[in-house]
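Enquirer: We have chain F already, so just place chain Z on it with the hints.
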Amino acid sequence: MYRYDEFDAAFVSARVDEFRDQVARRLAGELTEDQFRPHRLMNGLYLQLHSYMLRIAAPYGTLNSRQMRKLAEIARKYDRGYGHFTTRQNLQFNWPALKDVPDILAELASVDMHAIQTSGNCIRNVTADHYSGVSADEIADPRPYAEILRQWSSQHPEFSFLPRKFKIAVNGALHDRAVILAHDIGLQLVRDRNGELGFTVYVGGGLGRTPLLGHKVREFLPERDLLAYADAILRVYNLEGRRDNKYKARIKILLHEKGLEGLREAIEAEFRAHDRTGLALPAEEIARINAYFAPPPLEAKKPTSDRVERRRGKDAKFSKFFESNVTPHKTPGYAIVTISLKPIGGVPGDASADQIDAVADLAEDYSHDELRVSHEQNLILPHVALDDLTAVYDRLASVGLATPNAGLISDIIACPGLDYCALATARSIPIAQRLSERFGDGARARAIGPLKIKISGCINACGHHHVGHIGILGLERAGEETYQVTLGGSGDENATIGEIVGPGLSSETIVEAVETVVETYMAQRQGPDEDFLAAFRRLGMAPFKEALYERSAGADI
Amino acid sequence: MLSFLYIYKLCRLIEVRRPRRRPARGTSNEGADARKGTRLSQIVTANRLADGVVVFQDAGGGWAEDFALAAVYADAAALEAALALGAEAVALSQVVDPYAVEVEWRNGHYAPKTLREAIRASGPTVRRDLGKQAQGQAPVFALHASVESPHVSL
Chain F
435 MYRYDEFDAA FVSARVDEFR DQVARRLAGE LTEDQFRPHR LMNGLYLQLH
485 SYMLRIAAPY GTLNSRQMRK LAEIARKYDR GYGHFTTRQN LQFNWPALKD
535 VPDILAELAS VDMHAIQTSG NCIRNVTADH YSGVSADEIA DPRPYAEILR
585 QWSSQHPEFS FLPRKFKIAV NGALHDRAVI LAHDIGLQLV RDRNGELGFT
635 VYVGGGLGRT PLLGHKVREF LPERDLLAYA DAILRVYNLE GRRDNKYKAR
685 IKILLHEKGL EGLREAIEAE FRAHDRTGLA LPAEEIARIN AYFAPPPLEA
735 KKPTSDRVER RRGKDAKFSK FFESNVTPHK TPGYAIVTIS LKPIGGVPGD
785 ASADQIDAVA DLAEDYSHDE LRVSHEQNLI LPHVALDDLT AVYDRLASVG
835 LATPNAGLIS DIIACPGLDY CALATARSIP IAQRLSERFG DGARARAIGP
885 LKIKISGCIN ACGHHHVGHI GILGLERAGE ETYQVTLGGS GDENATIGEI
935 VGPGLSSETI VEAVETVVET YMAQRQGPDE DFLAAFRRLG MAPFKEALYE
985 RSAGADI
Chain Z
315 MLSFLYIYKL CRLIEVRRPR RRPARGTSNE GADARKGTRL SQIVTANRLA
365 DGVVVFQDAG GGWAEDFALA AVYADAAALE AALALGAEAV ALSQVVDPYA
415 VEVEWRNGHY APKTLREAIR ASGPTVRRDL GKQAQGQAPV FALHASVESP
465 HVSL
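Sequences listed follow chains F and Z, in order. Here the first sequence is numbered in this note's numbering, starting from 435 and rising by one per residue. Here the second sequence is numbered in this note's numbering, starting from 315 and rising by one per residue.
Isolated chain F (complex conformation) (with noise of 0.2 Å):
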């Protein structure tokens, strides 16, 4: 992974420098919350419902095992034990002191972490593929890429004060696991006919109150132009999009009032204007970088485990934990392994200090000292050894993180809520606690299949109840809790805003509301190779719509 050389230590550093010295001045009143609160944001510094929030960015979701343990280091010695994994691929500290968060950063710095650009009108932290450089679908690894894109837009002179918020992601394999089409600019690694790398672009893309697809602007660019034409795009978008309504400021909207055409003849226009050699990507720089996220050297083995299948055999939890959570690594004789932060019954995304440093422990002695961050708030180890599997399980489920539901009904993506943010009209971290009892991990969740549960507590939708396919949107009706409920959505290569199917439903009814939409499913489908999301296709939202309102008319749904 990227190490950070003599000038990214010395960048870092003088962020924490000039950050100290803005908190020193604000605490003496030297400057005014109004003034200082631009400074907080861009070093990822919150004020949320209970105390002040920091977003810690994990660039590309790509973490090693010093800067986890830090990570846990800072939950012991300055918030409260534990942090919060988020759909950026960030992890979130709910609790710190404001005249904390210089010390904080600069431990953060010291293991080459930092907060920058996770907030603010600016490039937020590029996110990529959690399995990016293991999965055997990839057409190359997009880290590399996402790390140009971050060194590039670091305080980027001319893109420190966009409109809005402006986010980048990332995928390098056939499966879009980076959900590009929910972002600002999404890019899909491809290969043109002569075998030469280059990306697909996407631009439009994002969630929110006004969920938009992202539309392809090139089909097409060679890996030299990526930043040139990233320039073109940001300067567009940094000129004609509008700054007078927060809430129409995103790209998605410029490219709603312009249309495809006129945003791609104006990106294209830009694109030609201007000589951008300066831009064009070096192919010593692209290798020099490249080299970084070169694989461990993985010598291919047998691609079973006898100590695997003996294990199976006999330990009906840990072939549970197998069939969900280890998914097949390019090298024979290798596996990637999901460890799911969604325990029954649990915070979705939240990890203790002691978890965190157990999961450190276990990528420094099976995975080659490297763990990502998933979107979905869960936690991977991309490079183990089959034979090293049962070990690993023995671990996690020591600390409770072998929880055996990855990517099942259970493993649901919920942001904060109304239990911590201050944006929030709704709970939404209660609303998972409550389906993950009622599904679990066992024989149930199992039969159901592959299905994708998201939740968010405000139309920001942090938590991409959009693209769920079932997706859960908590607002605030008449002063009561209300859940708007979408089906059919979806956040891979095949991206769908999911429909909205009725009028709200009460916190005591949506429990039950998901139940009969889980019910219908299970009725219809054409057998268990259907899953959720196929059958909804198939079938549309009638018989869903049917089942939650019609038949269950006067219950109180």
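Simulated from the structure, these hints should not be mistaken for laboratory data. Heads up, the beta-carbon is just placed ideally off N, CA and C, and yes, glycines get one too. One thing to keep in mind: the hints can contain errors.
What the hints assert, rightly or not - Output of the computed footprint for chain Z on chain F, the stretches with three or more beta carbons under 8 Å from beta carbons of chain Z: (1) 453 to 462; (2) 849 to 857; (3) 860 to 870.
Expert: The following block gives chain Z in isolation, referenced to the frame of chain F:
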């Protein structure tokens, strides 16, 4: 009464099983109003600048972490004066973003009317070991304790 149901149900979530506490200090006759039923009043809250902790303006114009110490204002003039004091505290870099919150007098206690403010004055409903509720500084929402699980439906 949706708001009554709301607070009643919320109490089952947030109620820390502890003895009745004194009510937040009011500026008028709570007892008489309480006998008539619900009465709306307001308090002033903010976040402390240095650490972000939720604080409430007390009767002396200072800032208390304990909700029970919040001064309750029943008329617009008193509230306006309290908010002016809040603005002074902002200028002195003591607190951030002071604002008024509606509270209701019920069963001998004041409590925030809205769920958002109830959670803010108590702590996350999914982590009762955190926030004011863990320190005995949360509002009292009801007289009776509950044994429900911490994330039961509202």
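Enquirer: Mind taking a look at whether chain Z covers the stretch 453 to 462 of chain F? Criterion is 3 or more residues with CB to CB distance under 8 Å.
Expert: With 3 residues closer than 8 Å to chain Z, the stretch 453 to 462 of chain F meets the three-residue bar; holds.
Enquirer: Taking a Cβ-to-Cβ distance below 8 Å as contact, does the stretch 849 to 857 of chain F have at least three residues touching chain Z?
Expert: Coverage by chain Z holds here, the residue count being 3 at a Cβ distance below 8 Å.
Enquirer: Are there at least three residues in the stretch 860 to 870 of chain F whose beta carbon sits under 8 Å from a beta carbon of chain Z?
Expert: holds (count 5)
Every hint, counting from the list given before, is met by this structure.
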